[in-house]
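Below are the chains, spelled out letter by letter.
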Amino acid sequence: MYSSHKGGALVKIEVTINGEHQSHEVEPRMLLVHFLREVVGLTGTHVGCETSLCGACSVMLNGEAVKACTVLAVQAHGADITTIEGLAQNGELHPIQEGFWECHGLQCGFCTPGMIIAAHQLLERHPKPSEADIRRGIEGNLCRCTGYQHIVDAVQYAAAKMTA
Amino acid sequence: MPVSKTVGARIKRREDPRLIQGLAHYVDDIKLPNTLHVAILRSPYSHARIGAIDTDAAQNLPGVKAVVTGSDIKDTIGGIPCAATDPEGFPGIKVPHHPVLAIDKARFVGEPIAAVAATSAYIARDALDLIEVDYDPLDAVNSADAAFADGAPVLHEDWDDNMAFTWQIAGGDIDAAFAEADHIVSQRIEHQRLVPNPMETRGVLAEYMRGKDQLTIWSSTQIPHLLRTQLSIMLDMAENHVRVIAPEVGGGFGCKLNVYAEEALLGHMAKTLGQPVKWIEGRRENFLHTIHGRDQTGVVELAVKNDGAILGLKYAVTADVGAYYQLLTPAIPTLTGLMLCGSYTFQNVQMDLKAAFTNKMATDAYRGAGRPEATYLIERMIDIAAHDLGLDPLDVRRKNFIGTDAFPHETGTALAYDSGDYTAALDRAVEMADYDALRWQQAELRDQGRYLGIGFSTYVEICGMGPSAAMPAGGWESSTVRVDPTGKVTVLTGVSPHGQGQETTFAQLVADGLGVGLADIRIIHGDTDAVQYGIGTFGSRATAVGGTAMVHAMGKIKDKVIKIAAHLMESNPQDIVLEDDKYCVQGAPESGLTLAEIAQVAHVGVGLPPETEPGLAESHFFEPPNFTYPFGTHIAVVEVDADTGEVELQRYIAVDDCGNIINPLIVEGQVHGGIAQGVGQALYEEAIYDESGQMLTGSFMDYALPKAHNFPRFELGNTVTPSPVNPMGVKGVGEAGTIGSTPAIANAVIDALKPFGVRHIDLPLRPEKLWKLMQERNDDSL
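Chains as they are written, first to last, in my numbering: chain Z, 1 to 164; chain R, 165 to 946.
In silico lysine-lysine, DSS-like type, Cα no more than 30 Å apart, as pairs: (1) Lys161/Z to Lys176/R; (2) Lys722/R to Lys652/R; (3) Lys435/R to Lys238/R; (4) Lys871/R to Lys176/R; (5) Lys161/Z to Lys871/R; (6) Lys746/R to Lys652/R; (7) Lys936/R to Lys918/R; (8) Lys918/R to Lys933/R; (9) Lys12/Z to Lys229/R; (10) Lys128/Z to Lys871/R; (11) Lys720/R to Lys652/R; (12) Lys161/Z to Lys169/R; (13) Lys161/Z to Lys128/Z; (14) Lys12/Z to Lys195/R; (15) Lys936/R to Lys871/R; (16) Lys195/R to Lys435/R; (17) Lys176/R to Lys746/R; (18) Lys169/R to Lys722/R; (19) Lys376/R to Lys195/R; (20) Lys229/R to Lys195/R; (21) Lys176/R to Lys128/Z.
Keep in mind the hints are simulated off the structure, nothing from the lab.
Just so it is clear, the structure is predicted and the values come from calculations on it, not from any experiment.
Just need the whole structure built from these sequences, with the hints factored in.
Rendered as structure tokens:
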């Protein structure tokens with residue numbers, strides 16, 4: 001469905017997404033975020049700007065938070081990907097998800113999956129971040145609803161729980 | 165409100181589990197088999213005649229199913245509607261036809277020219293490159309001044325000029341006020357054009373079922389019912405064969421309170437192509453072709469006495485409304501006029517508005533919608549008057565406040581402010597800020613060549629929109645409350661929340677009102693086939709108006725439940741109370757009945773009191789008797805870096821009064837987000853078109869949305885002055901932060917630069933502007 005005159009021959013890629021091995025044929029030009037949303041069917045990762053400026057499309061790619069709107073699906077060949085759908089385990093929310101819920105870290109929810117992924121990366125690098133660390137750490141992610149304060153609270157909640 | 169268990173509590177939102185796990189369904193997350201993907205070709209010129217459009221190559225691209233141009237649909241899709249063109253309100257208003265796809269002439273960059281439907285979004289976008297359009301570019305009109313200049317190019321050639329409409333409001337005796345004044349304080353003030361930018365852009369999915377002649381439109385909208393009505397008119401379909409669904413909606417801020425070209429176009433294409441069609445707006449498209457906000461420029465004159473008493477205000481203003489009207493375009497600046505008196509006693513007021521057609525996207529409702537302009541200009545003028553008279557801006561505010569005993573207060577613009585205690589909010593904010601210490605600190609830092617500024621905003625706003633007589637398309641709201649045989653409660657509400665959390669706050673009201681657990685309550689909204697007609701979510705109205713409709717419907721349910729309970733317990737209805745989730749004789753909950761037990765009787769239909777209908781569902785349509793008027797005091801503390809011009813927001817204190825509070829956690833979130841958007845206007849955001857009408861700020865690279873590190877921790881306080889307009893005593897809080905914050909920041913920055921002789925600077929207060937200003941003038945005090 002994604003082939004066209006400009007698309008070129010389909011390329012086979014193999015990826016592990018949220019722990020599940022998958023194999024698909026894609027156009028070389030297909031973006032990772034469209035691959036996840038349209039081919040794999042994981043729609044929790046959102047497209048907010050298509051220019052890597054808003055962060056709504058953030059996913060973990062081999063342990064690094066990336067903006068999936070500016071990564072080609074073929075570049076993810078052989079990679080291990082975690083999306084928002086892969087954070088909760090056995091029906092238990094991830095502490096960051098729990099923090100967002102407890103602290104009202106979201107309103108419309110559209111930036112939230114990307115924001116949670118960015119927070120995930122931040123807490124891996126800085127398990128005990130200061131408020132300034134958090135505000136700088138999520139500067140690649142835009143939220144238009146919350147004014148960020150409750151997001152900061154949510155990350156602090158998660159940091160406390162994850163280092164307890 | 166009676167003392168209760170959940171109302172007033174910091175309850176975490178019931179919406180969140182789906183949103184934090186990636187399990188929500190926004191428009192683009194809804195997948196229908198066989199869907200075609202639509203891409204829109206948009207005008208690259210701000211003003212151009214359109215000649216031949218060659219679509220052959222695009223049509224022939226494999227995967228392309230259809231290419232549609234303006235001439236294909238001009239007789240089958242009606243114009244894009246505007247609900248605010250009543251010539252009684254706007255004498256002589258020019259109402260141009262607003263086509264879904266441009267015909268003959270393009271009037272702004274981004275105006276839709278043609279649409280492609282293809283088997284994938286990538287192919288549809290490829291096909292756009294293959295469409296050839298003959299454009300004959302024309303000179304552009306890029307501002308209201310340019311629109312009114314002699315010899316200006318005329319956008320709509322049915323008329324001789326670009327004057328879209330004029331509007332005036334006047335109250336009191338303005339001439340007498342100005343004659344009596346010691347000073348006339350005058351300032352030209354710009355309210356720059358803004359782009360709302362919800363994180364979810366717009367999007368439409370349309371499906372037509374030929375056998376049932378039913379068109380279903382999923383749209384990221386704030387007004388599913390109003391949209392259904394308008395689409396039925398545009399597409400010439402019976403309204404009861406059109407279904408609009410607002411699924412999960414990722415923010416709106418007013419820009420989805422509208423009817424857009426794509427909504428009708430996709431409906432038409434689904435019908436003619438016999439396949440579902442989907443269009444998801446790109447961010448650049450959103451910048452170009454989703455409504456903008458503000459864009460007024462005017463001269464304000466304030467008549468004042470030497471002691472700071474304000475006698476009157478005149479505002480002569482032009483609004484740059486863009487090339488066409490969207491749903492409410494002309495109405496927005498009229499809200500500015502209504503709120504010009506702010507929280508002050510003066511009655512003599514006059515606003516003369518001229519609105520210009522320009523080669524830009526239409527302006528319309530953006531968070532605050534006309535009121536931020538009013539608040540900004542009156543709050544700025546108070547500071548300018550204080551500056552000119554050598555008074556403390558705080559003292560000028562206190563002197564002119566409407567007294568606490570003066571409510572309801574009729575303004576010079578014929579509004580009736582419902583309730584208020586402006587001094588209490590101000591006192592609380594001043595105490596939180598430790599104002600005297602701040603002034604002392606400011607003086608100390610100035611001696612060191614550092615520029616601290618303190619800015620106030622003592623706003624009042626108009627919410628709970630609103631009485632139908634004052635609204636372009638109905639101001640009431642609806643609710644149906646249904647109780648299932650098993651006691652589960654379903655609320656169908658006509659409002660259409662998209663981040664505001666009414667699935668939680670409404671459930672809190674139901675839990676307490678009917679005596680059921682939160683988990684047993686479901687709030688359904690946004691589906692016109694499921695929900696009775698409603699108006700939607702905007703103007704901070706969902707709880708004040710929609711919540712009230714629900715409370716009344718719930719009251720009818722409760723009356724019936726009590727009647728049945730009394731019958732079953734062989735008691736009198738007036739002796740039955742709700743205690744510990746049991747309907748019982750007072751003090752005896754152990755022998756009472758639960759809602760589920762009573763609901764079962766109501767549905768089995770045996771054992772009911774005489775002349776009682778079976779079933780348990782009630783509706784209410786609530787017409788609000790008045791608007792509500794939240795208010796508060798915001799204080800910003802900033803430091804301007806003398807070397808870079810950068811503004812550091814050091815403290816932000818907000819004391820808001822939105823009446824009674826159902827969920828403080830959600831109210832805080834609304835205030836935080838509102839403040840952030842107002843700060844965005846004050847410091848960063850501006851939609852800029854160049855002389856040729858090209859938008860220079862069409863991406864997040866060029867249009868600066870505030871980020872997390874731009875803010876300190878907001879310091880929130882509140883006072884509670886219940887509204888008498890509804891039984892809950894609520895006022896609304898969706899826009900307060902935005903309305904209050906912009907002037908507080910501006911006043912703080914300008915206060916910081918007082919040593920440079922600065923009296924006013926137009927927004928946004930970006931470093932370059934401030935740096936240049938500091939370079940041009942010396943700090944004479946040093």
